[in-house]
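**Q** Sequence:
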Amino acid sequence: MTAQILDGSSVATQMLASLRSAIADSVLHPTLATVLVGDDPASHTYVGMKTRRAASVGIATRAVTVPASASTDEVVQVVAALDADPYVHGILVQHPLPAQVDERRVFDTIADRKDVDGVTSASFASMSLNTGGFRGCTPGGILTLLDHFEIPLTGRRAVVVGRSPILGLPMGMLMLARDATVTYCHSRTSDLAHQIRDAEVVIAAAGSPQLVKADWVARDAVVVDAGYHPGGIGDVEPGAAERAGWITPVPGGVGPMTIATLLTHTARAAGVDVTPATDATSRVRSDAGVPGSSSNDR
135 MTAQILDGSS VATQMLASLR SAIADSVLHP TLATVLVGDD PASHTYVGMK
185 TRRAASVGIA TRAVTVPASA STDEVVQVVA ALDADPYVHG ILVQHPLPAQ
235 VDERRVFDTI ADRKDVDGVT SASFASMSLN TGGFRGCTPG GILTLLDHFE
285 IPLTGRRAVV VGRSPILGLP MGMLMLARDA TVTYCHSRTS DLAHQIRDAE
335 VVIAAAGSPQ LVKADWVARD AVVVDAGYHP GGIGDVEPGA AERAGWITPV
385 PGGVGPMTIA TLLTHTARAA GVDVTPATDA TSRVRSDAGV PGSSSNDR
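To convert a position in the sequence shown, counted from 1, into my numbering, add 134.
These aren't lab readings, by the way, just hints derived from the structure by calculation.
A portion of the hints provided could be inaccurate.
Restraint-style ranges between C-beta atoms, simulated for each label pair [said to hold, decoys possible]:
(1) D242 - H320: 20 to 28 Å
(2) P220 - G289: 23 to 31 Å
(3) D332 - L162: 42 to 50 Å
(4) D407 - S190: 41 to 49 Å
(5) A327 - Q234: 35 to 43 Å
(6) D246 - H320: 38 to 46 Å
(7) A176 - D207: 23 to 31 Å
(8) D332 - P220: 47 to 55 Å
(9) A256 - G405: 14 to 22 Å
(10) H328 - P385: 27 to 35 Å
(11) D242 - D173: 33 to 41 Å
(12) D159 - H328: 46 to 54 Å
All of these numbers come straight from a predicted model, not from anything done at the bench.
Quick reminder that beta carbons are idealized off the backbone N, C-alpha and C, glycines included.
Let's have the full structure, built from the sequences with the hints guiding it.
**A** Here it is, written out as structure tokens:
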């Protein structure tokens with residue numbers, strides 16, 4: 135059996151078409167500011183992709199490049215200036231940042247209303263407690279992709295391999311809000327193979343090439359590979375497609391959804407009326423359990 139494909143490229147294309155129409159019908163002019171620290175070639179490539187996609191839907195961009203030698207204070211000052219600019223609606227700080235820069239402090243400088251990448255501590259708290267705010271673009275995009283293909287999460291055993299504050303941690307919380315039973319794992323989990331073999335949904339987001347072996351994947355499992363490495367290699371061995379029920383391609387799975395989600399958030403931050411079909415990234419069940427707040431928290 136060969137897995138069915140969770141085609142992120144096609145879903146993202148539909149999202150961008152709807153977004154382009156919504157912006158064209160609006161009198162508002164969304165602007166996304168990108169902050170790139172240093173001259174890492176991969177980061178330049180990613181920012182360039184996002185800029186081109188933004189232009190294709192009618193979102194203006196403002197690129198700010200900061201020297202690789204910049205201090206935390208210098209990067210914070212750049213972000214604070216963009217926060218204060220009324221013509222900037224969303225701010226994207228391209229990560230990773232150079233080692234001498236305190237990434238968390240820089241992220242947390244971004245105003246909540248402009249945190250379209252969902253990277254601040256406040257955004258994570260809001261997402262975890264289902265109190266609003268923007269979600270991380272990659273976990274939000276993954277949830278949209280699963281929704282599009284009507285992949286159920288309620289009651290299913292889900293394993294998230296990865297614990298980053300902008301992908302692994304929020305991904306697990308989003309699935310928990312959908313009533314999945316979530317286990318967090320990582321590259322140092324001693325029984326990783328066992329955990330994955332028991333999972334009905336696997337989110338591979340450890341940033342380690344082919345960490346998840348094909349024969350670990352349960353028959354008919356849903357596999358989302360959020361890794362990308364040179365040569366089009368993901369965090370999951372390609373042979374997993376012969377065992378899984380559904381799987382994302384690399385590339386063409388998670389990446390396009392991340393960018394489409396970022397641009398949707400930017401339009402919303404500017405006040406554009408984004409329809410529910412376009413804005414599936416913000417959908418969380420209204421009766422999802424919030425700790426200490428309802429009978430669903432069991």
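**Q** Hints first: check each against the structure and report whether it holds.
**A** Hint-by-hint comparison with the structure:
| no. | hint | in the structure |
| --- | --- | --- |
| 1 | D242 - H320: 20 to 28 Å | holds, 23 Å |
| 2 | P220 - G289: 23 to 31 Å | violated, 46 Å |
| 3 | D332 - L162: 42 to 50 Å | holds, 48 Å |
| 4 | D407 - S190: 41 to 49 Å | violated, 20 Å |
| 5 | A327 - Q234: 35 to 43 Å | holds, 37 Å |
| 6 | D246 - H320: 38 to 46 Å | violated, 28 Å |
| 7 | A176 - D207: 23 to 31 Å | holds, 26 Å |
| 8 | D332 - P220: 47 to 55 Å | holds, 51 Å |
| 9 | A256 - G405: 14 to 22 Å | holds, 20 Å |
| 10 | H328 - P385: 27 to 35 Å | holds, 30 Å |
| 11 | D242 - D173: 33 to 41 Å | violated, 25 Å |
| 12 | D159 - H328: 46 to 54 Å | holds, 52 Å |
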